[in-house]
Structures are given as structure tokens and as C-alpha cells.
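S.K.: Dock chain R against the given chain W, drawing on the hints supplied.
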Amino acid sequence: MTNKIYSINGPVVTVRDTSDFSMMEMVYVGNKRLMGEVIGITDEKTTIQVYESTTGLKPGEEVVGSKTLLSVTLGPGILTNIFDGIERPLKDIQKMDGAFIGEGQSITSLDKDKKWDVKFKIRLNDEVVPGTIFATCQETNLIEHRSMIPSGIKGKVIEIKEDGAYTAYETLVKVKDETGKVHEVALSQKWPIKVPRPIKDRRPIAIPLVTGQRVLDTTFPIAKGGAAAVPGGFGAGKTMLQHQIAKWCDADIIVYVGCGERGNEMTQVLEEFSELIDPRTNRPLLDRTVLIANTSNMPVAAREASIYTGITLAEYYRDMGYHVAIMADSTSRWAEALREISGRLEEMPAEEGFPAYLPSRIAQFYERAGYVDNLNGTEGSVTIIGAVSPQGGDFSEPVTQNTKRFVRSFWALDKSLAYARHYPAVNWNQSYSEYVDDLSAWYNKNVARDFLSLRSEIIAILHDEQKLNEIVKLIGSDVLPEDQKLTMEIAKVIRVGFLQQNAYHADDTYVPLEKQYKMLKVISYLNSACIKLVNKRIPVSLIAETGVFELLIKIKYDVPNDNIALLDTYPAKIDELLAKIV
Amino acid sequence: MAKQLLGLSEVSGSLVVYENVEDVGYEEVVEVMMADGETRTGRVVEIDGDKIIVQVFEGTMGLSKKNTKTKLLGHPMEIALSKEVLGRTFSGSGRPIDGLGEVYAEKFADINGKPLNPVAREYPRNYISTGISAIDGLNTLIRGQKLPIFSGSGLPHDKLAVQIVKQAQLSGDDADNFAIVFGAMGVKNDVADFFKRSFEETGVMEKVCMFINLSNDPIIERTITPRCALTVAEYLAYECGMHVLVILTDMTSYCEALREFSSSKGEIPGRKGYPGYLYSDLASLYERAGIVKGAKGSVTQIPILTMPNDDITNPVPDLTGYITEGQIVLDRDMHLNGIYPPISILSSLSRLMKDGIGEGYTRSDHQDVANQIFASYAKVVDARSLASVIGEDELSEADKRYIEFGKLVEEVFIGQGFKVKRSIQETLNLGWALLSTLPKEELDRLDGELIKKNYDPEHAMRTIELALKGEK
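Same order as they appear, the protein sequences are chains W and R. No gaps in the numbering here: position 370 of the first sequence is 439 in my numbering, and each next residue is one more. No gaps in the numbering here: position 277 of the second sequence is 394 in my numbering, and each next residue is one more.
Hints listed in this document are in silico derivations from the structure and should not be mistaken for laboratory results. Take these hints with a grain of salt, some might be off.
Unchecked claim - In silico DSS-like links for lysine-lysine, alpha-carbon gap of 30 Å or less: (1) R:Lys224 x W:Lys101; (2) R:Lys524 x W:Lys561; (3) W:Lys160 x R:Lys471; (4) R:Lys188 x W:Lys554; (5) R:Lys517 x W:Lys554; (6) W:Lys164 x R:Lys224; (7) R:Lys536 x W:Lys114; (8) R:Lys313 x W:Lys101; (9) W:Lys484 x R:Lys224; (10) W:Lys561 x R:Lys569; (11) W:Lys542 x R:Lys524; (12) R:Lys413 x W:Lys625; (13) R:Lys536 x R:Lys569; (14) W:Lys263 x W:Lys160; (15) R:Lys570 x W:Lys73; (16) W:Lys190 x W:Lys243; (17) R:Lys570 x W:Lys164; (18) R:Lys382 x W:Lys642; (19) W:Lys160 x R:Lys224; (20) W:Lys114 x R:Lys382; (21) R:Lys536 x R:Lys305; (22) R:Lys557 x W:Lys649; (23) W:Lys561 x R:Lys224; (24) W:Lys127 x W:Lys184; (25) R:Lys224 x W:Lys127; (26) R:Lys569 x W:Lys623; (27) W:Lys542 x W:Lys601; (28) R:Lys382 x W:Lys536; (29) W:Lys245 x W:Lys263; (30) R:Lys224 x R:Lys413; (31) R:Lys313 x R:Lys524; (32) W:Lys101 x R:Lys570; (33) R:Lys536 x W:Lys625; (34) W:Lys536 x R:Lys471; (35) W:Lys561 x R:Lys496.
To be verified - Rough simulated footprint, nothing fancy, chain W against chain R, three-plus residues with beta-carbon under 8 Å: (36) 295–307; (37) 570–579.
Stated by the list, open to error - Here are the in silico distance ranges between beta carbons for each label pair: (38) R:Arg579 x W:Ala598: 29 to 39 Å; (39) R:Lys410 x W:Pro267: 17 to 27 Å; (40) W:Glu344 x R:Phe225: 37 to 47 Å.
No experiment lies behind these values; they were computed from the predicted model shown. From the three backbone atoms N, C-alpha and C, an ideal C-beta is built for every residue, glycine too.
Chain W with its partners taken away, still in its complex shape:
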């Protein structure tokens, strides 16, 4: 019996009186074979969300099941590519449809014809288990692709090809399991996007993801395998910060998910990343990047899927032994997609119309981050950095609040900082990172023993400044005692000279940890030198006249990244300037 469409309401379609479909099964809807997913089954009807525009769909058209869960194809050719939310390559769609995206395209996710230079890592008669790396090929100049035995296949290799050039879909290895069944293995495999890929064990968090952004690395660090949220109203610089992290962080692979955001932004990422050169490897950044673009005008159900597609790709590369960072911009659009579908299903809404299962969905997503031991003995990590776009810039709304519960780094972007063009507009009083303690051993060993105490010192100064600001707002800064005036000046040096970072400046866009540490050290030196003077009753205005504060504010431009040793001369310069007063 064929299953026919009964009702249509936006992206939601129902089929009556059928028992052919299973929950979350991928289906093809209508004559155009639009992609969809089963999201509800009741006695009388099966509900399907369609990932493409349903305009022109008619009741009575056929719905065909695929007998598999909504899955993505994993294999070589993912990197440098740009996909939509259900892993269809946008460049190929452009070739078929032109500039505007049509419907019902059946396209393979990976290039069918491209041959990869495969080297096998196993031999005939070897025993293999899921996760075993059986072959490698050079996916980009930067990244070696390690193909793994898919889940559920365990046994003896009974047939294997020679090293050579093969496509992603060819059968290369045959494995016979205990029951005598023969499995065919190719470079690519399928994986359902809503199921986390299996791991052997989770490891404790101990290594930071170095981003080269001072306000993050020094004040609010994130760990490899950790999760961070970047909430901020429009214009606060979420996307800009995500771009900066994607460009400069020390992950091996970047998965950038543009979920319900602007089309021009994705174009920009695509252009910029192909031109920008990674400072560590001297290759274009695109060589380590995969983009998933489900812009705001593309169908809403695919927007919901895009986040899962992204995290599945990230886990796949983690399984090969890479450190992966995934940027999700923005998870609020994903939550809104959930709300929209939920509304169409007439489910009972919870807060602000969001479905009651919003927190559990957010938790499921962020829990897929982690630093793990893989099945094949390698270790890898997935770090999630999710942007949140709170309605009206109000952090008390459900998506921000629920996200806060499941991430340990929280980088609150502040509109008033952005108005004053203080970028990155991370508010130092609202943000936090719970990873500092986990990472302290690493910092002590790899940066300096006093790094964390310097960090505490500047955070304390900033905190003092906040309290003093309350007073200044009421009575002006002139009446403060000299030591508090000094705190205000030093805090300004920290804010402008350290926290503020210019993404368009060749040196300032990425700052190595060593330079960050030395900058802190110089600021701390200035602070103690000035305190001594103030204790000798020298007014702060006199200290300011020496230009010592401006000198420190300009360090970020004056000291190039390739000559960090220059910073060691600063204490002497400070002494020299201050000596003029005495």
C-alpha cells in the first residue's frame, strides 16, 4: 500500500492510517521527493517535518520511507566544503540549480568521482573492530583522513584492495563477522545525526583551547573538550568573535555552523578562510574547515538539523584523533526552529512559547562536547562554542538561561561596550569560566608559574573599578582619594591596553600566550611601581603626565608577535618615565 499525504501546514505534513514508518526515519515526500523526517506517530496519523519548501505540494502525493534514520555521509571530501543543514553540498546545488536553491535535489554529499590516494593500515586476515583505522588518505594538505571501520562491524578481513586511488563510495575491504556475515567497507560511512558517536572513555579536562584572544585565554579560558556560550544582542559582536576563534584557535579541525544567520556572513567566511593563512601551518585556513550554512531564509526544519549535522561531523574527526572545535552561530535560531515546529504540532508550550523539552535538547547538544579516548586508542576532543541571540538582549530568556546550565565558559557580550567600540565586547563582570582550576596545572607548566596569580590581580583591579564607578557616577572622579584614582587609571590600561583587541590589526588579531603573559607582567609591574609613588604622596595626575599609561596601552601595537622579547625592556622604560617625577 502506498502512503499518501493527508494534510499540509507549513513544513509539517501528515500521513493517515499507516504503520510503515518509524520514529525519526528519513522519508521522501511528494512527487518532488522532498526530504523529511518522521517526528510523531499516533494511532491515526504519522507526522513528518519536511526539510524543504512545501509550496505546491498536494495531498494524495506519495510518501516513501527510507528505512534509515536521518543520517549524514562521513568520508574524505568533507573538509573545505560548504554544506546545507542536511549535508548537501551547496556548490553542487549551485551547478544544478543556479544561484537560487531548488527543491527535491538528490545529490550525494561527497564527490562521487573524486579519487583519493589511499594507503591501507591493515592486512588480509587482520581482526578489526568498530573504530579501527583501516586506511588513510590526504584529505587536504593539512589533514590526513583516517577511515575507520563503521560501528557494528567486527571480524576478520577477508578481502582488501591494494594501495591506490579510490573514490569515497567504492568497497575497499570486506569483513566477515562471527556469524559468517560479510560486511563491505568503503572510505565513507553513514551515521544518524541525532545519535552521539561511541567512545571508549571520557578524560578529565586539562588542556586549554588557545584562541589568541586575550580576554578569552587569560581571563575566561575554555578547555579542549569544553563548552562555551557567547550570548549577546544584535550588534554586540557574536559573529565577529566566533570568526576570530575559528580563525586562530589551536584546534586541528573547525566545524562552522551558520544556523539561521545571514547569507552574506557565510559568503564572507568562505572568502576569508580561503585567503587567510594559518600562522602555524602556513596553509589556507579553509584546509582545516568545514562550513555548514543554513541561512535564515532556508527551510526551518533543516535549520534544526544543521546543529546535529555539525556536531556529527565534529565527532567523526575527533574519532580519528583530532582536536575539533565547533562554532554554532546561533543556537537561538535552532531553538526557535524547535519552537516553530512545536507550534505547528500544537504541542503545549512552556516558557515564551518554547517547547518544554528545550532544556533537554540543549543539554543533549552540549553534552556531545568532551575530551575522549577513542575506540581505536587515539585521543581527540570536541569543543563547542555556541552563540546565543537573546531576544531583546535580555539574558533572562529561556535559551540563554538553559544554555548557562550546560556550559562552563560564559562570555557575556555587552551592548554598551560594543557601542563604545570596545571589541571583543566581553563583559568582564558578567562572564565566567569554570575551567580555570582544571587548567591551572597546564598553565603552570606551559606558560609560567605566576600566570594565574597575575590573572587574579588584574581581575581584582577590574572588580575594584566597577565598585568605584558606582561612586564616580554619583560624585565625579575628582573627589576620589589618590590610591583609588590610581586603580581607575590602571583599570583603564587593562581595559584598553589588554582586554580590547583589534581584529583588523596584523599583530593584534592573534596574540600568543607568551605575549599575553608578558603584557600582564608589565601591567602588574606598572601597578606596583605607581603604588609606591602614590604612597609617597605623589598625585596620580603627575604620573599620568609622564605618558606612562599611554605607553602601556600601545604595547599591543608596538610589540610585534615575532619580537616578544621587546616586552622585557618595558620595566626599564617605566622606571625611566616615572623617574622624571621624583
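M.R.: Only chain R this time, still in chain W's reference frame:
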């Protein structure tokens, strides 16, 4: 062969329900014929088995269970396209209302459009000189951008839009190759008239295509007005190779129409009663701005919206801000102080500005000057709030200079007046003159070299006075 239905089974608000209908497509267009021969247009918005729900754009007044005949047209909502649409005026649903007859169509296109593939987009980089300092200097408009004006009732947003149209200059040989598509949703008659008259005065009327839905026109019609306008704009840009500026006003009325439609359908409301899909719906409009690789033309959008109660966190401006590439915010205080255009520069933003200015586009020091003005003006705000507590006399010397600087920025730089057009050079020089009124060490965003070259307190006042004179 178009099918015809006799009668109907239910009417509720703008929605009509028909039963026992077969073979109808989702979002298909229907024509409803009244007993007196009047025809109205509608669209299928929900299908439930053999029951369909149709939204009638012109309203359901006069419809009865017996007297109507309904024709199913078998295709989604389409609009006739041709270069002849320039100089014409249409209703909100795309029917000619200027008495010049139907458009001879070169092709028909689905008004919903299709999503533009991000791979096919060209990143916008070419700036449009509007001759307005607050925009050119600080929130530069880029060709292919969507830059809304956030306004309030009683603020001069219409005047600003007209000034932009009047002064907007495209660089090089494209100067003649531009068109304006104007979509009015729920605006008052005199506002639509003001635009029309202004276009005529500027002499661009034959380059303008207007879609007018007045405030007393059917509300549901508003939900398709911007789609008609954008379909025409895309046609002119990508098939006729023109640079199209689309002005949509007022987006708040559009959203309210959408809310009304949603609630009459019985959908679960999100924030402030707006439907949960408001973001997606607005995105399907705004994202139609852009440049397609290989095409000659471009679509630039300036949507205008009035913030209810001047509240920028209201869902309409809020969601708009998340989709568009920046915003121009008008400020009531400045308006009351007699400053025109009353652009609040701190809350305004142009996201594409950074890539369309500087060497080769405007001037190499553009970004630095803009950053410094923003940073210094932010301090003006602090100084003012302090002054409101302790009085201006008690302020420190530095704060007093900032108060003075703030006044100059607002009165000279921003408040240039309706008739003044400044070149980008004039704007940036004026910016330097204003910065030169501040002590040198306060310019913490500028390079020492730049300051040396341009910081000139002696001639600053003269430049500023000249700018003030230009206003008169």
C-alpha cells in the same frame, strides 16, 4: 484546466474554509468571484485532507456561503515581470492601480522567491555615497546591504529615506543604471504621496516602481506587498542588470498583519502575540538583498520600521536587527533638539562597513576616524549622565571638553540638515576637525602617525564653521 468551486463552508476573519476539494497544492493561488463580478485573490494556507483553508488578501467582506465562485489556478502566487514596471504604481497585491492597464509580462515569477545559495552570493564591498555624514562616515551603506531605519512615530524617517534616494550616488558607469522599488505597507495616504511627490521632484519617477497598500487597505494584502516588491527588485537586478534600492515602509504594519493572520488561524503565539515563525518570515524578506555572482545588478534594502513606544527590544526591531546587516536608529531627544537627521550614532551600526571602506574605496583613515569618534562620543554620554547628577559646573576639565565635543558632533557632524550633501572627503575632514577639539592624549584609538598628520586644533574651528555655514 483551472478548477472551480461553488460556495464555501466557513468564513472566519480573512480565512475561508472549503470542503470536499481535491488535488490542490499548498500555497496555490485562488480567485474568488463575488456575485457582483468583483474578483479577489487568495492563497491556500493549510490543507487537511479534503478541507482547505484559504487566506483572502482583499478581505472577506460580502462573501457568503452561496454567492461565491472560487477558481483554483494551479500555481503559487505569481507576478508579471517586465522592464515596463518602472514608472508604474501597483496595489499591495500587485494589481496596477494607475489606470495604465496590465503590464505586458515578459515572464511570471513566484513571489515567494527561492533562497539564494550562499555559495552564489558575492560579498558586498562597494559603498554607496549618501551624502549624509552620520551614514557615510560612521555607518556606511554598502551596495547589496540590508540596512533598516529604526524609527518611532513622529520622527523624520520618511524624510531621511527620501534624502538618501535623492543623494545616493553610485560610483562609475553604473550611475544611470539604477532603479527604486518602493513598497508601502499600511502607511497613510499622505506618506505615500510624500514619497511619490519627492520622487517626481527628484526626477527619478520613471525609475521607480511602487507597491502601495495604504493603512485603510485590506490588512492581509500587506503580507504579500513586500514579496511582490522584492520579486520585481530581483528581476530588475539579476535579469536586467540594474542596481535596485528597495524601500519598505512600514515593517511594523507588516508584522502586525502577520500577527493578525496568525491569530485568526489559531496558531500558538510567541512573544507579544507575534507568531513563532516571525524570525523566519522576516528573514525570507530581508535575505533577498544581495549580489549574485556573475550578475550585473544588486538589491539593496532600506526597510523602515517604527518601534512601538520607541522600544528597541520590541520583537519587530529586535528580530529585524538580528537579520539585517546593521541598523540606523533615529533618536527622539535629538529630534526634539532640532537636529536633522536625528541619527543616534552609538546604537546605529553598519556591519558591512569594514569591508567597503578604506584604501581603494573611501579613504585609508576612514575606519580609524570612525572608531575614534565612536569611542569619544561614548565618553560624552558618560559625562552627560554625570552632569545630570552633579551639574555641569562641577565636571572635571576633561569631561567639560567632552560635553562640548558632543554638542559639536550632534549639531555639526550629524545635524547637517535636509538640503546638505557632503562628499566623503568633506565628512572625514570634518571628523578630524571635531577630533582636533579634544586633547591629543584622549585620542586612544589612533595611530601616532595619523594624529601627527591630521590633528590640527588651529584650523579645526574654521572647518567646523564652514560646515555650519554649508547648512544655511
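S.K.: Which hint numbers doesn't this structure obey?
M.R.: Result: hints 4, 7, 8, 9, 12, 13, 15, 17, 18, 23, 24, 28, 31, 32, 33, 34, 36, 37, 38 and 39 break, sorted rising.
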